[in-house]
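> If you want the building blocks of each chain, they are given just below.
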Amino acid sequence: MSLSGKGKAASAALAVALLTGACGGSAASDDDAPYDPDAPVTLTVGLFGTFGFQEAGLYDEYMDLHPNVTIKETSVEKSADYYRALQTRLAAGSGLEDVQGIEIGFVSDIVQNHADAFADFGQAENADEVRETFYDWKYEQAMTEDGRVVGLGTDAGPQAMCFRRDLFEAAGLPTDREELGELWSDWEGYLDVGRRYQDSPTKPAGSAFVDSPASVFSAAVYQGELAYNDEDGNPAPESSDGVENAWEHASEAAAEDLTAGLSQFGDEWNSAFANGAFATIACPAWMLGYITSQVGEDGAGKWDIAPLPGQGGNWGGSWLGVPESSDDKEAAMALVEWLTAPEQQIKMFTREAHFPSSSEAAEDPEVADATSEYFSGAPIGQIFGESAENIRRTPIGRYDTQIQEAFTTALTNVATQGVSPDEAFEDAMASVEQVTGG
Amino acid sequence: MTIASSGPREALIAAPVVAPPTTTPPARRRTRLTRNRWGYAYVAPFFLVFGCFSLFPFLYTAWVSLHETSLSNIDGGTWVGLENYRNLLQSEFFWNAARNTLTIGILATVPQLCMALGLAHLLNYKLRHRTFFRTVMLMPYATSIAAATLVFAQIFGRDYGLINAVLEGVGLERIDWEGGTWTSQLAIATIVTWRWTGYNALIYLAAMQSIPGELYEAAEMDGASRWRQFLHVTIPALRPTILFTVIVSTIGAVQLFGEPLLFSGNGTTNGGTSNQYQTLGLLMYQQGWSNFHIGQAAATAWAMFLIILVIVGAAAVVGRLRARADR
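Residue numbers (this note's numbering), protein chains in the order written: chain A, 2 to 439; chain B, 16 to 342.
Simulated from the structure, these hints should not be mistaken for lab results.
Where a beta carbon is used, it is the ideal one built from N, C-alpha and C, also for glycine.
Careful, some of the hints might be misleading.
[To be verified] Facing chain A, from chain B, some residues (calculated, C-beta under 7 Å):
# : residue
1 : H144
2 : T146
3 : R173
4 : D174
5 : I178
6 : N179
7 : N285
8 : W304
This is chain A alone, in the form it adopts within the complex (with noise of 0.2 Å):
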């Protein structure tokens, strides 16, 4: 296939996602050619949501570096739209790009069913130092149990707890982000501070503590010793310690009616932020941006950011993967590793706000040292990157997203509509046997 036929290929895909079919496998000759790193070369990436390579300026570099290369992405708004089609490509064997963005969500399918189909990070001949960058939990999420790599890591989503100065200061609630780290160090801590703010006269009317019970219970579940999943990966949420934890907290959350009872992503949601509604939400770093732009500017200085109850938890982070059908692979996989090193996650921190995944770009003074001016000049680095250090590797499962909104959508239940809190997780625990079975 001519290199121009890809790239119409590629744009193309983006138009009709599921029917096309048109970029081919690879041909055999371009497998056995040895590979020369100056040949012209295009390459497509095709991705979803925010990346921000493109934004960030990151592809001009690289083509500067490298001016045999030419880079095409698509994109697509959703990731969940996104893997629908990444899914149907897999099974047809053919449309992939040459390097293909896996989100947290879909990486352990990816993991457990198509190792095979991407090509594998940890044969590279510098794999040990590159793993050397990345924190272990990110590298280890994308491995198979025999050492297969099937991308490298580009964000990560450690979390920090966001506050509203104005609301606590007004419900007459310490604001100092320190002393309110220490006051929740537990969740336990955390709702007796809700309670407070709940008891309180001054609180402005409407206004609640929390957005939504799932701000407690998706930060909650992974700081346990397991989440969804047994430890081979299985769906097997109801013998864990994180899912028992965050429930027992969520709900109790939600009962009391500490929450909002918004379900996270919904327009109430995003109405909410702007009217002041809630005073606390549990906010990994990519939420930064999100509660930035739905604020707008009236909100600088209102926002804070304190260390989250618990200890770190991840919530997102995406990787970058070369699927072995695609015709250039080796000069994929050198762009991936490009984009995934130290230097440019530094360049996406200061430039996107999108955290780094690998521990020697946190550690680099330019992140470690950060504070954000719209969050009270909160240091969003350090803050984030105690965190990231503090992330347990649980083990993550193809279906956590579908049972993480069993969860979090029965909760709801528990704040809006009145039911308890036993006979919603009876609730949820056949919408997970409805997930994972059938």
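Position chain B relative to chain A; hints supplied.
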């Protein structure tokens, strides 16, 4: 499909060529066949497209529904026979979705058709700006489901919705439209009704205009009021049209999907926190595209198809019985 049915046709066409044309009758037959051949050629594109995009997916779905398989491995599933159908019938989620589909269907279809009938009756009068009203009525139908649903979802919002603001303004309680079972179903039925009433009204209007005026004149001579004329002249004359709209609306109701999917606003496929407005279409989508159990989703698709067949069959029987009774 093409292979099976074009084979005999080619044989028919080829046969006379092989036979020596000694007498005139075969020649005449050949012209007829040649003419038919062009006819087949003209309809072939339709059947090709139908075969590719309707018949094949239809049969393939049936095949997939007999396997346990996931989206990324559609052809590599294991044969499970009717297991998926058994699971479906034993699943509380299926019966919940079936119940929701039925209630939303009734909530949406009945008021919609009644209102359409009334509107058509009004528009049948000689009004000023008649064309304007007729065009306005069709506007919702021309709006995309997504756009309409997003707007309605905002209107029905719990904290910042227009309706609740009005309710609060007049001293009533706020309603959690999306959270409740009946309230959410009512809200979704409203979207469907808003969108389809005008369309059905236009169909009724067209049928009404073909009712001979003498019938009304005769009724008026007998002293029938406008209402009685509507009941005893218009409705009986519209019966076939009403049956048609009932069938079409019912099929639409069984397949209801876009509105409940978009109503929650965050793209989840569970149809509400307690699946209170998850329809069969949404359940199928959840099974196939959120949970990746394609075999199970295919079984649900076939179950929906069978439900529609039963409903349409029942409607046809009712229509035929009525027609026989009238004769």
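> Does each hint hold? Answer for all of them.
Evaluated hints:
1. H144: violated (37 Å)
2. T146: Check failed: Cβ of B/T146 comes no nearer than 37 Å to chain A, outside 7 Å.
3. R173: holds (6 Å)
4. D174: OK, holds: B/D174 within 7 Å of chain A, min 5 Å.
5. I178: For B/I178, the interface hint is violated, since the closest Cβ of chain A sits about 13 Å away, which is over 7 Å.
6. N179: Status violated, d = 11 Å.
7. N285: Holds. Min distance 6 Å.
8. W304: holds (6 Å)
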